[in-house]
Each structure stands twice: as C-alpha cells, then as structure tokens.
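A.B. asks: With chain A held as given, fit chains B, C and D with the ligands onto it using these hints.
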Amino acid sequence: MTSSVAPAPGAPSEPAPGPAARTVRSAGGRAARLRPGALLAALVLAVAVLACAWPGLLAPADPTAADPVAALTPPGAEHWLGTDQLGRDVYARVVHGARYSLLIGLGATALSVLAGLLVGLPAALSGRIGDQVAMRAVDVLLALPELLLALLVIAVVGPGTGNALLAIAIAATPGFARLVRGQAMVVRGSEYVRAATALGVPRTAVVLRHVLPNTLGPLTVPATLAVGTAVVSGAALSFLGLGPKAPAPEWGAMLSQGRDFLSTAWWIAVFPGAAITAVVVAITVLGRQLHRCLEGRTP
Amino acid sequence: MSRFARAALHRLGGAVLVLWGAATLGFLALHLVPGDPVSTLLGGSVTTGSAAVRAEITREFGLDRPLFEQYLTFLGRLLGGDLGRSYQQQQPVSLIIGEQLGPTAELALTAFGLILLFALVSAVTTAGRRRAVRGAASGAELLAISTPPFWLGVLLLTLFSFHLRLFPVAGAEGWESLVLPAVTLAVPFGSLLSQVLREGLESALHEPFALTARSRGIGPLALRGRHALRHALVPAVTLGGWLVGGLLGGTVLVETVFARPGLGRVALDAVTGHDLPVVIGLILLSAAVYLVVNTVVDGLYLLIDPRLRGAGPVREVAA
Amino acid sequence: MSPIIELEGLNVEFGHGRRRTTAVAGVSLALSAGECLALVGESGSGKSVTARTLVGLTAPGAAVRAERFLVEGRDAAAFGEREWRRVRGRTVGLVLQDALSALDPLRRVGAEVGEPLLAHRVLPKAEVPGRVEELLRDVGVPEPAGRARQYPHQLSGGLRQRALIASALAAGPRVLVADEPTTALDVTVQAQVLDLLGELKAKGTALLLISHDLAVVARLADRIAVMKDGRIVESGPAERVLGAPEHPYTRVLLAAAPDPDRPAAEAAPADPGTGRLLTARGLVKRYRTPDGGLREAVADVSFGLAPGETLGIVGESGSGKSTTAQLVMGMLAPDAGEVLLDGRPWSALPERLRRPARSAVQLVHQDPLASFDPRFTVRRILAEALAVAGVARGAARRERAVELLAQVGLGEQHLERRPHGLSGGQRQRVAIARALATGPRLLVCDEPVSALDVSVQAQVLELLARLRAELGLAMLFISHDLAVVRQVSDRVLVMKDGRAVEYGPAERVFRAPEHPYTRQLLAAVPRLPARSAA
Amino acid sequence: SSAGPAAPGGGTGGTPVRGGTLKYAVAVGTSCLDPHVSPGDVTAVIQRNVFDSLVYLDDKGAFHPWLAKSWQISPDARTYTFQLREGVTFHDGTAFDAAAVKANLDHVKDPRTKSLYAASLLGPYTGAEVVDPLTVRVSFAEPYVPFLQAAATPYLGIASPKSLAEKADQLCAGGANSVGTGPFRETEYVKNDHVEFKRNDAYAWAPEGAANQGAPYLDGLTIRFLPEDSVRSGALTSRQVDAAALPVSAVRTVRAAGVEVTRTQNPGVVYSLFLNSTRGALRDERVRRAVQRAVDVDALVKSIYFGEYERAWSPLSPTTPASYEAGLKDALPHDAAAAGRLLDEAGWSARDGDGYRVKDGKRLTLHWPYIASLVRDQRDTLAAGIQADLKKAGVELVRDSIDNGTYFKVYASGDYDLWDNSWVRADPAILAGFYLSANTPAAGGQNVSLSSDPELDGWLTAGAATTDPAARKANYTKAERWAVEHGTVLPLYVTANLIGRSEGVRGLVFDANAWPQFAGVWRTR
Ligand SMILES: Nc1ncnc2c1ncn2[C@@H]1O[C@H](COP(=O)(O)OP(=O)(O)OP(=O)(O)O)[C@@H](O)[C@H]1O
Ligand SMILES: Nc1ncnc2c1ncn2[C@@H]1O[C@H](COP(=O)(O)OP(=O)(O)OP(=O)(O)O)[C@@H](O)[C@H]1O
Ligand SMILES: [Mg+2]
Ligand SMILES: [Mg+2]
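Chains as they are written, first to last, in the numbering used here: chain A, 1 to 299; chain B, 300 to 618; chain C, 619 to 1152; chain D, 1153 to 1677.
Don't read these hints as lab results, they were simulated from the structure. Beta carbons are placed, not taken as given, at the ideal position from N, Cα and C, and that holds for glycine. Possibly wrong hints are sitting among the right ones.
[Said to hold, decoys possible] Simulated crosslink set (PhoX-like; lysine-lysine; CA at most 25 Å straight-line): (1) D:LYS1350 / D:LYS1314; (2) D:LYS1212 / A:LYS245; (3) D:LYS1561 / A:LYS245; (4) D:LYS1544 / D:LYS1454; (5) D:LYS1543 / D:LYS1514; (6) A:LYS245 / D:LYS1543; (7) D:LYS1212 / D:LYS1543; (8) D:LYS1314 / D:LYS1254; (9) D:LYS1544 / D:LYS1511; (10) D:LYS1350 / A:LYS245.
[Said to hold, decoys possible] Restraint-style ranges between C-beta atoms, simulated for each label pair: (11) A:ALA42 / B:THR594: 40 to 48 Å; (12) B:ARG310 / A:GLY189: 19 to 27 Å; (13) B:ARG310 / D:VAL1180: 42 to 50 Å.
Chain A on its own, in the form it takes in the complex (with noise of 0.2 Å):
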C-alpha cells in the first residue's frame, strides 16, 4: 500500500476557518517565531544567572550580616525589599538566594538525566530480561510519590544543599529512566535505525550515533521543564527545613521563616516566594520556546 501522496498540511493553530489571517505553522513546519513572553522568560533568567554567578554585581550587601537595630523595616530607599527580623536585607538575600535554587534545579535535573540514560539506555538495548528487571527496579522507585522518595534519601545523607540536590535527581530519575527507556525503543525501531543496520554499519556505531543523540534530543524539552519543578522541590525542602544550611539565603528556607511575619512584616517572605515563581516561569516559558522550535525543526 503506498502512504498518502503528500505530506499533509502542516498542523494549523487552529481549527475554525477565518479568513483574518493568523500566524499558521507552514506546511513544512518552520519553527515557530520566538514570542514576547520568551523574551522576558530570557530576561528574568539572565538575571538569575547574573545573580548566581556574581551576586555581589546586584547586591553587595552581605546577606548574612545582622543588624539587629534596622529589624523588620519595610521596604524603602535603604533597604529595597525591607529588612528581616535580624535586619539581614531582602534583596541581598534574595539576590544571593539565586545560587541555591539554581544549582539545585540545573544539578538535580542534570544528575537525574544522567541517571535516566544510565538506567533507561541498557534496559531498553538489552534483551528482554534486562529490560525487565531494569524496569522492575524503576516501578519500585515511581511507586513513592517524589516528595516522599526525596525525604528518605535525605533521611539517609542528611539535609544540606548537595543532599538535597542529590535527593531531588534521585527522586527524578525513574521519571526520566522511563522516557529515555520509551524513547530510545522507538529509535530502536526506527527506519533509520534498520537502514544503519542494513549498511552493515557496527552495533555500537549505531547506538553512538543514532540512539543515543535521537534518544536525547526529545528529552530536551522535559528536562527544561524539570528544572522549574526541580527548584520547586529545593524550596518545599527547605521549607522542611531539610535544605541548604542556615544562615544560607535559599528562598525556601526565606519562605518558610518569614511566613510567621505575613501578617507583620510581608516582605521577608513574600520576595523569595515572588523570585522562585519567576524564576520557575521563566524555565517553564523557555521550555515550551525550546518545544515549539524543535516541533518545528522536524516535520
């Protein structure tokens, strides 16, 4: 049987007919024009990196230093986002507070695609025992809700910002063993895959240079995506107080001390909460960005 004559119409944004012209993915799926929104999703991030990578630049006030008698002012001239019950000044803090949510989100979610190929690769190569048992073990894992998996590994090494790092890729790994499983099956199977096979070209040759690069390629997007959630575990770890070490400025731990003062003193807490927000958006943003374009890349 012969497939249809041409390849279809590429996906339009949507279904209803109008003649008011609307921005409609090509038929050969050109990707798709980088958006206001991504921008400004870039924007906040470079910042966040700034602040990671040279927090002082941002705010040189130290953001441990105390000063007990400038306690709890609001925010003003002074101190840009207020003080906090010691007079440590938010928006040093904040700033400095970008290097744990950062690290922990792009570490974790590195470690946990790392771990996801490790696991998910072989088991999806090997025969069907392997895959089994490989898989098996994974089931165990995704079995705990990721919250509850991540208190047990800190349970064992204890809180801290490189624990609850490895926690948080830990808790991520079966999720991204399971993808990288699926998807490198699919590559597996693919066409291409059997046309290497059928040049005669080595089994290894073909798994460097056509599984692995097309198993990881569609793992890009979600693990953009895994970052955001990853920085939101850091914070809810902290929040337990099961992260970073005080008098660390990590936002959750910020959150979770300044949370008595709402009624008070609102802006110890409700900067941090602010800035993880953002900073998550702004992954998430990008991610879809990073999905639109590669959707468009291959029709």
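C.D. replies: Here is chains B, C and D with the ligands on its own, set in the frame of chain A:
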C-alpha cells in the same frame, strides 16, 4: 479469557515484586542511616535516656542482631501482615496509619475532584479559542504551576482564614477545614492537567477526522464533546495516574502548612525521625496505591481507545 | 439546468509577509447534478485546498478570495459559520484524502456514518441506526449491521473508504467532493470504489473527483481539469484532455504514467532465475496476531536472482512483500527456509558474520525520509555508508560522496542539506546514492517510487534503469503497481496473503497470466483510454 | 491557707460559671503521651489534666498537699513518708492508695518503661514501701532533696495501676489509655491534631488552696496541636481557639486583635549556649570568655523576641526557687573590643582572607550542631545573629545540621564546640544535671560544657543535700557564678510561656513550671 488470566497473573506478580522491592528499599535506606538506631529510636529527644533504657530498646527491637537476620525477621513479619510497632510512638504501625489515613484520603480525593472539575472546564471552554482567551487561561495556569504549593497555602491561609476569616485555620473537622488545603493542592495540579487536556484537545482538533466531522456540518461543541475530548483523555489519564503520587507527596507540605492531621505529617515525622517501621508502612501503602492506580489507568486506556483492546486481529475483509 | 456550485477566480493564500504562499490561484469550476468533474494534478498543486474551500473549511489562516462563489445560487463568500454548517454534509459532502485517518478511531463506524443525520436533524434519533445500515449496504459494505458496531481500525482500507463515503452521503448531499478517494487502496479495491462513485454519479450526484493519477479519473470523469502550482492549466472534456492534450504539462503527465500494457524494452540477462547471486528457498515468516494466533506473513516463498537481473514482486497490501524484502536483507530471520548469497548461507548467519558481507546487498526504502537520521545532513548520511565501505575520512570520502550524488543526478550543493529540506524525488535519489555507496551487487527496492508524483516517479525509475545498466546491479523490485513492475522487471513474483501465486518471466506473466488472481489484478489496473484504444 | 495556685494572670475576677468548653492550642505535638516515658514539656502540660501528683508546687515555690495530705522528710533526706488522701478514685473507678503510688514509682523506674526523664527525676530511688493502705514510704540511696519537687511534676503523676498493668503497651497512645485521678478524663487523642478531655465530675481533691476545689467548671477541654506559629496565632485571633501558646513573633499582632497575653517565665535552666571547655580553641578560657563578650545578646534578643523574652544573665531562670544569682546581671556586657583583646591574648591575632582569625594556620572555627526538626522559637534566627556577631569578631561559627541518628554520637562523644539547651524545672537541682562532672552526656546527663571541677561538684551535691532554702541558694549561686565566669555558658534568654486567651476565658492559672492549669478555668457567658 485465558489471555486475560495470564495478563492478570503477570500483573499480580509484578505487583508483588514492586511491593517487596519497596519494602526492601525502605529497610535498607533506613539501615544505611548513619548513627545509632537507638537514639533515632529515642527520637532525638533532649534527653538521651539512661544506659539501662538504651539497652532495653536494643534488646526489644533486636538491633543487636546482624542486619541480614533483622531483614529476614522483618520480611517474615511483613508476610504475616504485621507492619511492626513505631519506634517513636510505641504503637502498631497499622494502627497509626489506619487512624491517619482518613484525613489524608479525604484531602486527596477532594483535591482530585477539584482538579478534574477545574481542568475539564478550563480546557474544554478555552481549547482552540481565540489566542487572547487561550493565552489568558494558560498564562494563569502557568503561574499556578510555578508557585510552590506550600507558599500558595500560606498565602491562602493568611488571606482567607486570618483576615477574611472565611475558613478555619486548621484541623480536620467539617468541610470548611477541607476547602483551603484541597484548593491549595488542586490549583497547581489542576492547572497542569488542564494544560495537558487543552493540548490534547487542540491536537485532536487538527486531526483529519476532526476535519471530516466538521465537513458533516456539526457544531464546535459537538466536535469537542463527541470527538476531541476522548482523544485528549488519553494523555490526561496518563498524567492523572502520575498525579495521584504527586497528590500524596503534596499532602506532606499541605498538611504541614494547614496543621492537618494525616499521613503526610506522619511521613514527615517518621522519615525525619527515622521511624523505620512507620516509614516502611507508608512506603508499602503508597506502592500499593501506585499499583492500584496504574491498573485503573490501564483499564481506562482500554475503555477510551478501542485500538488497544486486543479484541481479535485486524479484520482483513476483502471489500 | 444551473450548476449547484459555481466558482470563479478562486485565490487561496497562506501565511503573510515573506512567508506568504499562494496555494490556489484563479481556479474556476462549476458542478452540475449527475456530472463528474475530475481535478488532476501532482502533489501540492492545490487540489485539496480547493476541495476544502467548497465546504468552507479551507484551513485556518487561509486568505480566501473568489470573484464568484455560488452554492445553490447563494453567495457563499458571504456565508458565516452557521450557513456553512447547513451546507456541509447537506448540500456538499466531502470525502477526505486518506480514509485511514479520516474516521475517528475512537468511535464506532456507525456513529461516524450517522453523524450528519444527527447534525442536520434529518431523522429522529431512533431511526438513525436503521438508516446507517442502509447507507453502509448502499456503498457495498457486507453485513452492515455488524460493521456499524465495529471500530475503524477493525475494517480494511476498502471498507473504511466506503464507510467514509457513506458518511459523506448520509445527509443526501447534492454534491460529493472526493479527494483522492482511492489513493490508499489496492488496485482491486480501487476499482470497486470507482464503480461505487460511478453509481452515485448515475443517481444524479454531482461529483468532484480529485486524484493525482490520470488513469484513475479516466474511468469516471466527464470533464478533467489539470492543476499545477495552484492554477488550472488545462480543462475540458475527458476524451479531449486525455486524447489530445494541449498543455505541455498535461502531456508530461500522460507520458510519465507507466503503462501496464507496454512491454519492457529490457534485454534480460543470460541466465534469469538461477540463483547465482541470491537464492530464497521456502521462506516462511510468521507473526503473532493480537489474539495470540499465528499469521503467515510469508508462506513458502522461493525465488532466485542472477547478477544483473531484476525480480519484481507485486501484490496487494499485506501480501508479504516488505516482509520478504526484510528476509532477503537479513533483517528478519525466517521461521523456515533460507536465503543464500552467492550460494553461501546468508539468512542463517549470525549478524556478526553477516555484517562484513552486507555491503553487497543494499536496501532502498519506500519512505526515504524515515530511513535518514533526522539530524543528519546528506553529507553525513553518505559518509556513514562510505565509512562502512572503507573509504577513508576527509577529501577522499567527500569526493566519493559528490560522485555518488552526481550518479543519482544531484549536485555538490545538496551535500549540506537536510533530507526534509529536499523534495520527495531528491530524497529517494539520496537514498539510492547511499545504497550505492557500499558498491552493492543487489539492490532491494521496497516500493521505491510509491510516494512520488508520476513525473518524479518516471525520473527515479529512469535512474534505477540507468544504474542497473551501468553497474550491472541486480534488483529485487517491490511494488503494488503492476505497471511499474512490468516496466522494470525481467521476472515477476506475484504474492497474495504471503504466498507466491505466480512466478515467471515478466512478459509471460503480464501477457498470459496463469493464476486467476493475477488476471484479476491486471484487470483492475486503471488504464488510460487513449492507449487501450491504441 | 496560703494564696495557693490562685496565682496572678488569667483574669481571676468575677464569680465562676459552670459549663462550656475550651480550645487550647499548643505548638509541638508529642510522640508519646505517657509522662512516665516522654520528657516533653507538652506531655506534662497535657497530662497534668489527667494525672494528679502527690504534692502541688505553686508558682511561688511553695508546696501544697494534693494526693498526699501530708508528708515527712527524714533528716538525712533519704526517706519520704506520705499520708495519702482517702476517697480518691481513678477514672476507671479503682481507688487510689499507697499501693498505687508504689506501682507508679516502680513503673517509672522499670527499664521496660523506657522512661526518658521521669526515671531521672526519681534520682537514687531504691523503692517504695506500703506502710498502710494510705501511707507510703519512698526511700533513696543517698540524700535527695529535689524529690518533693519531682513528685510535684506531672512526670511522676499517678496513673491507675490497672491501666499500667493492662495497657502497658498503649500508654503512649494516650486517649482512653491515660487513666488518672485528675480533674479531666482523656477521651480522645488524634496525633498531630488534638486531645479531647471531659470533666471528671467526681473530682473533689484539688490541690489545697486551689481556687476551684471541686470538679472543673468546664464541661470539656480540647488541646490542639498547631505547629505553624502563624496558624496558631491566626487561630486565636480568628477565635478558632480560645487560648494558645504564642510565638513571640505573634504577640504584637495578637494583642492588637484584642487578645490578652500573659507571660510567665519558666523556672530552671534558661535557653543558653554552652561552651565545650574540653575541645579545640575553647580549651582556652580566654577564647570562651571572648565568645561571651563578642555576642550582643541584648540586641539580638530584643530584636528577635521583641522584648517578650528577657535577656538572661545566669544559667538559672530568675523564677527558679531558692537559687537565682541576681548579681550576675550585667556581669559580662557585650564588648567587641574586649573580645578582640581576649582573642589576641589567646594568640588568635592573625586574620585570613575572609576576615577570620587564625592561629598557626588554623582558622578559629566553632561547630554548633543542631537537629533541624527540633528547632523552634526563632532559635535558628538567634543562632544566625550570633553567627553574624562572631563573624565580626573574626570567629567562624558553623552550624552542622545533624539528625536523630548522629545526634547521640556527637552528643555523647563531646564532638562539638557549642551546644544549646534549656530546661524547665522548678528546682535549682536541675543545675546539677548540667554541671555535675558525673552527668556527662555519655552518662545520659546534660553537662554539655563538660565542666568538671571538684569545688563545683561540691556545691551542687551540697545543694541537693540540704533542705534549708538559704543554704541551698548559697550553694547554687556559687555554681552559677562559676559557670559564667569560667566561660562555660552564654545565657541567652529566659524562656517564658506566652499564653494568649480571648476575652471571656477566666481563672487560668499557672503552676511552678509556668504551665497552665485548666481545672479552675471558666468562661463568661
Ligand atoms: N493549512 C495550510 N497552511 C499552509 N499551507 C498550506 C495549508 N494547506 C495547504 N497548504 C499549501 O497549499 C498547497 C496545496 O496544498 P494541497 O493539499 O491542496 O495540495 P494537493 O494538490 O492536495 O496535494 P496532494 O495531492 O499531495 O494532496 C501546498 O503547497 C501546501 O503546502
Ligand atoms: N512486525 C510485525 N508484527 C506483526 N505482523 C506483521 C509485522 N510486520 C508485518 N506484519 C503482517 O504481515 C503481513 C505482511 O506484511 P508486509 O508489510 O510484508 O505486507 P506488504 O506486502 O509489504 O504490504 P504493503 O504493500 O502495505 O507494504 C501483514 O498482514 C502485516 O500485518
Ligand atoms: Mg491533497
Ligand atoms: Mg510494504
């Protein structure tokens, strides 16, 4: 039929494996914990108990015996359906979980209901509409997804409970005390689900069969209701399955913020206090839930998509 | 009597700014009861867009303009969504391209067919099922009651296409627009569907038949309009357009269309059929069906190939052609029988031992795009193959790559392009170049031209023939299209349900088919009147 | 009779009305509700409603008869004889008698009870003897003056022997398992949520001098666990509970909302930072004293606790009976310069890149471990403040979060520089727990500064051996001075119970531990 039986058996076997794995994982995890089990047992209380007390504990929980032996006895008791006694609370784990299950189930189920409601309404009404509408909806959802649930909870609490006094601050009596926690849980997950649903709906609306359907002269609602929705449900169900786990995890935070009793709090206490028996009990519970949910999800797939029902081969009828 | 649909100067454009593309330019057509207008043209010429425009479903973001657009005398240009809804299915029925995806896979066939009845409240709900049965019976679906309760995926392509037509007819439209109604079907089924459309026309339905294949429309069309790049380059009575084409493009199309009755002008090799190069003995491949039973995709197939010889394998969908190809390629292990290469074991070897010899046997896919790593440029695609062939990195490899491209009629400028940036024909050429890279003696071509427009198809066949002559390649040529097979093959193997029903020299098989199934196939092949006359 | 428990605070005006219930919110929950086992204050506060004690210690430090009509202490303070009140019955109907007392004390001492605190309250307990049904004699291996105070605490509250025997393994579960003679019957305990009490109508044996000698005025009492500070205060201001133990952070807002807040300082050891005098840089007394001076405790306590908590000068709280050394006030004011000088003298004069002091290549770093899950009362903030102050002085303070598992190892092995603690007890004897050389953490004691000084030991043992308040005070004040002047402790603030109660809650009084007593509470209609 025999095929069904085989499938069921296979599933059961898998389930047992997972449960066993989960239990072992928990056991190992908390035996890898650095430090001396007795003092974890004493719950890190300011006192450390006299030597006599420590000795007594060691003896009672058989902590002096080799790890492997402890593991075997542990497994043996599990098989006997005995989850053991909590280190910290000195009570049967089954009892603790039993009495705390109620509030959590209540919370999770209510949240789940809200999630479905919210997602369906928001997705169906906005899918494939004008960009402005869709943009507004998905923008709000994005915000909701990106806000840490505990933070959302604190805000809701301050606003609706402390200031407006519409809802009780804490506790688990009556539906009023359920509203804020449930909403807190539901908002982020609901938004996520609604985004998935909307995407599903829209991709379904681009399928050729949607075009065919419209070429028959049906209206937009019929198109969504009769055609697109079922297609959108497939990814939604997948997410839904994952979501249950997410909800359980979420209860840990929400119950803490809203000072509600429930398994979330128990879990937090148990894990931070290294209360091994309780932790394992919870692990087994959530594993069981996960397995049930997965079974249900797979069932739903079959219900939604006839192509997945292995009902006979593709009929190659010579037309 | 006045036409039901009158369309003049239709223009459809997509996108805006630099991306603005004109899909349809100044198309005019009219449809009256009981007549069949055929819209013929190659891929992308604007047929489907035109068709969809007739029911006000051009596409989102499409800028539609028409000097005159009347449906039943009313000005359709002014229609709003409501009016259009009344037209769709009631006045104009649309049968979409690709029946396989045009039915909602999650709904029962009956529900799909009955939908227009409900949408237009033609009947009270209770009577719908009955009517649906009638409709299915009318379009020739056996045991309609049972079928109505099944899901699309449980129906064969032909049945699906009929169900689709039934649903388009349900609300009794005066016009039926059929967009490539038979493209996805086997010849025999295609013939039946065309007959069905013929009956409808006879019953007085106005028919707009869209196809890329002149031969297909020849049977039904009263008038033919030939489209190219969104314009109608020639239109007129069928006999005239087919018999005495005026526009050069029409001539190209006619010339390109392979003719099942034209003997191949090939000099057959010395010792056809003897398995000097490749021997397949009693090949069997079984697959498990979803319900656990076994299904013989290939059942006891044997054949031989001499160097330089071309064996054509024809058969309808699911007859086991591709599976056979896979077996020959050593991509699948036969459940019984074996394949010998140069008289030595081939299918029996473990992959490790087979790999070194693989360069001798190469595959050309039906869907070249799928056979390329989406991330690869043409250069890397060829490089990979050349590496296998042992060509050293760097300049040497590049030279060879350019040579190969030249061989298949492509140039150096294509080296850095990505496959999905190439046209269908070019992709197939790249695929062939890759196959040639390892210096094979046998090319296995699985439906190498099925995805291509006739004109391109002709070029590719041309290319294959040339390579064969130049390089003395042997070919295993798989196709469902008898005309094509006849054009290239020395010997032919006809497959049905995994069995080889007939096997012999191409000329003999086509001139004097022995097996009834072969005869049936040959009879079903659509032919251009002009030639059959000749 | 003396003023008795009708102590100030709690608005005692007006004539009591019967009926109504009270919702009281506390911060921390407890893993075990058996006061014989659990060391938690909250356990004591909760179970005080169920379990009466032999004697009552009021907030002036005076003892009053309760379940014991009278008592005699042998001159050598080794035997205590109690004449018990007749007609007292447990909630399960069984009668209270000498046997019951013996049963309880033995239960506490029994290792299988796994008592974490009560047992230590019994000190050198050797046994109790039933002289006659209503007379019991308790004996100790050596003089043990603090026993009377110990006997007054809920930790040695008297439970029904029947329940001790039959429900041995459920006592932690509280609820109906807690059977005492107290003014309230415990009907329900939902972990992490609440404990439910109903009035014990039979109650007629309140402590002598208590405002309410009969059954409680309240029909019922609910104690709710609301760990979130904001939630707890929010619950109070939004009238969802009638009274609550408040976080300092909330006091201001709560007052603004028209809630009355009473503050009562706890007796015992104030919240202090102990300096391990046996390890690293802190072996040098100068360094310890430098730490004492470097931290601006005044400013920190003021800003973090809004003046609700009093800055402490001595390891003992001013409200600890017969002991407080008022002379220590302003003994060691904040003085960065002095601190610097001391450190220079001690040889920590050089500074490294980060501005920390170094001596032969080693940075002056102090480790202060903590268990995250036990942090409360803004103490982490306070620590951060101390950290900041020390940094100014060039001392690096590292807070290592440890978990329950490693806790004991670190604690017992003295593998820390600083350790914080506070201990509510209405008897200076508590100081022995913190400074007697024998009471090292390894031995289950609280001598975290690992001080060992014969003279000090002498004062502490003497203090426990004499019944004469003046003599006791003399001994303990010496100990306090020694502790401060040798830089073994940095007293931070005097812990206090901040209890907010909405309008209409009356008769709330506090015992010697500053813990609320609900038997006399009543509500205005
Ligand atoms: N929704 C759309 N958006 C943008 N371009 C479109 C859209 N639909 C069709 N086109 C373009 O319009 C042109 C005509 O498309 P159309 O589908 O009518 O071709 P066709 O003649 O039907 O081809 P085929 O025989 O392959 O179906 C093509 O170039 C196609 O890319
Ligand atoms: N991997 C597989 N698993 C199960 N059944 C298969 C598989 N591959 C092919 N089949 C079945 O084997 C039969 C022959 O398939 P094959 O692809 O060889 O037919 P074909 O002649 O190539 O058809 P087409 O012309 O559509 O390509 C079909 O009925 C198909 O359903
Ligand atoms: Mg088309
Ligand atoms: Mg095929």
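A.B. asks: Hint by hint, work out which the structure violates, then give me just those numbers in ascending order.
C.D. replies: The structure breaks hints 2, 7 and 10; every other hint is satisfied.
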